Amino acid sequence: MTGRRARIIAPWLIGVAAAVWVVAGAHYLTDMSAFLPAKPTELQSLLVDQLRDGPASRLIMIAVEGGGAESRAQVSGEMARRLRGDAEFSSVDNGAPADAERDRDRDFLFRHRYLLSDDVAAERFTAAGLRAALQETIGNLAAPTGLMMKELVPHDPTGEMLHIIDGLARTRGPRMLNGVWVAGDGSRALLVARTAAPGSDTDAQEHALQAIRGAFRAAVGAAGPGAALRLRMSGPGVFAVAARDKIKRAATRLSIASSLLVIGVLATVYRSAAAVLLGLLPVATGALCGIAAVALGFGAVHGITLGFGVTLIGESVDYSIYFFIQSRRRGAVRSWQQQFWPTVRLGMLTSVCGFASLLPSGFPGLAQLGVYSISGLVAAAAVTRFVLPQLLPRALEVRDVAPLGAWLGLQRDRLRRAAPGLRAGVACALALGAIAILVAQRSTLWNHELSRLSPISAEDLRTDAALRSDLGGADVLDVVVVSGSSLEAVLQGAERAGTALRASVDAGVIGDFDSPAAYLPSLAAQRARRDALPARTVLGAALHDADSGLDLDESRLAPFIEDVDAARRGALVTRDDLRGTTLAAGFDALIVHRSGRWSAMLPLHAPAAAAAPSIDLARVAAALAAARVTDARVLDMKAQTDALYSGYLQDAIRLSLYGLALIVLLLLAALRSPARVARVLAPLGLAVLMVAAGLALGGRQLNLLHLVGMLLIVAVGSNYALFFDAEPGAHDRATRSLTLASLAIANLATVIGFGLLSFSQVPVLEALGETVAPGAFLALLFAALMTSRAPVDA
Amino acid sequence: MTRRSRVLCLALLSGMAAGAAADDLDDVLRSLSGRRHGETKFVERHFLSLLKKPVESRGELIYDAPDRLQKRTTEPRPEDLLVNGNELTLVRGGRSRVLELDSYPAVAPFVEGIRATLAGDRAALERAFHLQFSGNAAHWTLALVPLDAGMAKVVSEVRIEGEKDDLLQVEIRQPDGDRSMMTLQPPGQ
Chain W
626 MTGRRARIIA PWLIGVAAAV WVVAGAHYLT DMSAFLPAKP TELQSLLVDQ
676 LRDGPASRLI MIAVEGGGAE SRAQVSGEMA RRLRGDAEFS SVDNGAPADA
726 ERDRDRDFLF RHRYLLSDDV AAERFTAAGL RAALQETIGN LAAPTGLMMK
776 ELVPHDPTGE MLHIIDGLAR TRGPRMLNGV WVAGDGSRAL LVARTAAPGS
826 DTDAQEHALQ AIRGAFRAAV GAAGPGAALR LRMSGPGVFA VAARDKIKRA
876 ATRLSIASSL LVIGVLATVY RSAAAVLLGL LPVATGALCG IAAVALGFGA
926 VHGITLGFGV TLIGESVDYS IYFFIQSRRR GAVRSWQQQF WPTVRLGMLT
976 SVCGFASLLP SGFPGLAQLG VYSISGLVAA AAVTRFVLPQ LLPRALEVRD
1026 VAPLGAWLGL QRDRLRRAAP GLRAGVACAL ALGAIAILVA QRSTLWNHEL
1076 SRLSPISAED LRTDAALRSD LGGADVLDVV VVSGSSLEAV LQGAERAGTA
1126 LRASVDAGVI GDFDSPAAYL PSLAAQRARR DALPARTVLG AALHDADSGL
1176 DLDESRLAPF IEDVDAARRG ALVTRDDLRG TTLAAGFDAL IVHRSGRWSA
1226 MLPLHAPAAA AAPSIDLARV AAALAAARVT DARVLDMKAQ TDALYSGYLQ
1276 DAIRLSLYGL ALIVLLLLAA LRSPARVARV LAPLGLAVLM VAAGLALGGR
1326 QLNLLHLVGM LLIVAVGSNY ALFFDAEPGA HDRATRSLTL ASLAIANLAT
1376 VIGFGLLSFS QVPVLEALGE TVAPGAFLAL LFAALMTSRA PVDA
Chain F
8 MTRRSRVLCL ALLSGMAAGA AADDLDDVLR SLSGRRHGET KFVERHFLSL
58 LKKPVESRGE LIYDAPDRLQ KRTTEPRPED LLVNGNELTL VRGGRSRVLE
108 LDSYPAVAPF VEGIRATLAG DRAALERAFH LQFSGNAAHW TLALVPLDAG
158 MAKVVSEVRI EGEKDDLLQV EIRQPDGDRS MMTLQPPGQ
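Residue numbers (my numbering), protein chains in the order written: chain W, 626 to 1419; chain F, 8 to 196.
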């Protein structure tokens, strides 16, 4: 016996240890990618890149509030100084120029102006071209800002530098006060930080937020006491960190609370500490195996999958409840294994079929839920069947709950004494009523907005909107994306798209746009520009011709001829030349390189004239199409994101229906009777319908997690129905009482576990709770009344 | 009169003259400050060593008390410069950009000089410039020398010439000898 014991317990212990090892070393994700498709279309993958790594994902908006305007400005300056020295950030901007960087930027632009300026072409250096350019420069000298550019003229009489700076210019920035950016009403100082790490790297985002808080505290400390200043931050990274904290807190609190409650119920029922502890083994093993399986299968575990772990307590604890209560009688474990295990196993397999339908989902979040549930349930059931019997102390005695079962049986029979026709009629009426409600509300039944799953509070969203509107042009939502197989290819594409977009700016369709090619032109464009530069003697002659009709003093332009000559012989500019300038960060933020595919992002700015800043994207797309820029696409992020989630939901609904078909097939194979299958499934279907109708009546729009909850109702409820189905004949009356009591207690545990979830502030957990708690109760009630064919005791 | 007393007398006289000039400046500034809004056309000639002959620009100067000044150049290249408080907005070639006046020493002396003069704000003038007033309330010249070293590097002097509460000319002199002369059209002409 001991040898047999060791043969069972040792593998279990090894398995648990391995699972612990995998779980401890696993990588956990809390970003949006659970909701992003694993095998996306091209447009979707652009969206995924944007949401994960794009310039918008790295943005942290910072506001300093309270105190006086001057101390806010001082703190803003000090924070910017500290954060600029931090490698976590690729750029930090508070409106004040960072002198050293600006000088390096100017230096870079000036040195490479003949490669960077898209005005450089052969015609520009003919006598006629030079005359036009010089004429323009003379005009510029007479303009109010002429004094600023006077020094440049001997080197750059054609004004390439000015042209480049204009090309890099952003739309109107925030208001300035005391040398820094402030909100429209001046009530807060504003900074914008861009993290070096992508927005999807929540750990890095959390570090960045801590660095900002640290810089704020240090800056306030430097400003002296009495500066009652507050720090506010918003942006995708801030949201990701907040969401992770919130889900983590809620999941931890709720799992502790529901564990305690379930343990309380079990302790009351069993009156045996050993039984309670043993009863938790299948639950713990199941949760561990579930997470380990996900980590092994997917490489990383999504936060939502962990949150779901709480819910497994509700179902896997049922197995041990059945085991302890049903096997108490006759003290015979072996007879439980023979009599009841087949039913438990069938119920477990039914659940597995339901969750297996999620496996082929194209969305990692759903597929992970499937893997987690299946491996967790199988492990919990196996531990109950094989390990628990080996661990049972000889003297284990749990309380006899047969009286409870007998009383419940009496109540049930009272209800069942009504004519079978009447019962069927009531069930049909309830089902039809629920269906009628669902059909009436079908257009608004499902919520198609991804944001509804987000745990971000309305107040945080308001802060975000306020800061975005304060910062104006910093809000990047609409982008033109150019994809290609190399950096050079996407830069060339960005240049072609830029020509079309420039026309859209002139037409007032967009206010402005950024392009990586403005920081670093393609090598082809640079080469063409370099080739267009004339030889020294040619340029000298052309300049002489051009200047004859002009007032510019030709003798002062010697540096120009020198510089053009140097540029003709110089090397082309590459990404490495950008190092040490702020332009490097600007460039990097607009280029995404992932698995051999390159994308250039051209963020669009809304036209300033529009009352509500918005862009007619169809017109932009038309302009790109007309210019035959075929590798460029317009990405409307909000519409795309919602379309993506909508597809996700459709996918889940479709797969759930496949799961239902799979369950029917399994039960047909196991029970070999369509009538029995119908009797098992009818109460579950009715429970699901009633819950869905109830939620709809309560004004709830169903989302993805409600759907997962319905799958869980079927998974949990199938155990009940199968026990009732197996009831007649095989067992005596006392056994039936025990079965009924075990089902009632298991149901109580489930309702407690999920009932707690419905109080959660995290929408995904709340949705699960409010679906499964009432659904599980209804499933038991209906199964007791509809499935059982046990004789009604007189 | 002894030689010594003559010196004393001269000193007193010049002191009185300075006092009178100061009073005249206050008078001029007071009458200027009475005007809440003004707009006038201008012609500006730029004398630059880079150019063989001066280049001319034209446009309109608009002032709203106390601190809004707009210089709208229409020829030869349209460029709009708007200053509101310390906020400088430049519109050129359909693009607008917002800067801070303080950080642009090439623009600040002109704007600060004219704006504070039109506002009659002597304290503001004295914060930014060393003041030298000559003439009288009927016809006067106010020479402003920037105190800030950064500004002084770009602009050595702003000379504003006026009659009563009208500005006639604004000259900007640069350390390298370049200068510009803006002639304002008196109202009603």
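Bear in mind the hints are in silico, worked out from the structure with no lab data behind them.
Treat each hint with caution, since some may be false.
[Unchecked claim] Some chain F residues judged to face chain W by a derived CB distance under 7 angstroms, without partners named:
#, residue
1, G45
2, H53
3, K60
4, V62
5, S64
6, K78
In this text the structure is predicted, and so the values were computed from the model without any measurement.
The beta carbon of each residue, even a glycine, is placed where N, CA and C say it ideally should be.
Taking the hints in turn, this is what the structure says about them:
1. G45: With a closest approach of 18 angstroms, the F:G45 hint is violated.
2. H53: Cβ of F:H53 sits 5 angstroms from chain W, so the hint holds.
3. K60: Where the cut-off is 7 angstroms and the nearest Cβ of chain W is about 5 angstroms from F:K60, the hint holds.
4. V62: This hint holds: F:V62 lies near chain W, its Cβ roughly 5 angstroms from the closest one there, short of 7 angstroms.
5. S64: Holds: closest Cβ of chain W sits about 4 angstroms from F:S64, inside 7 angstroms.
6. K78: holds (5 angstroms)
Checked against the numbered hints given earlier, the structure breaks only hint 1 and satisfies all the rest.
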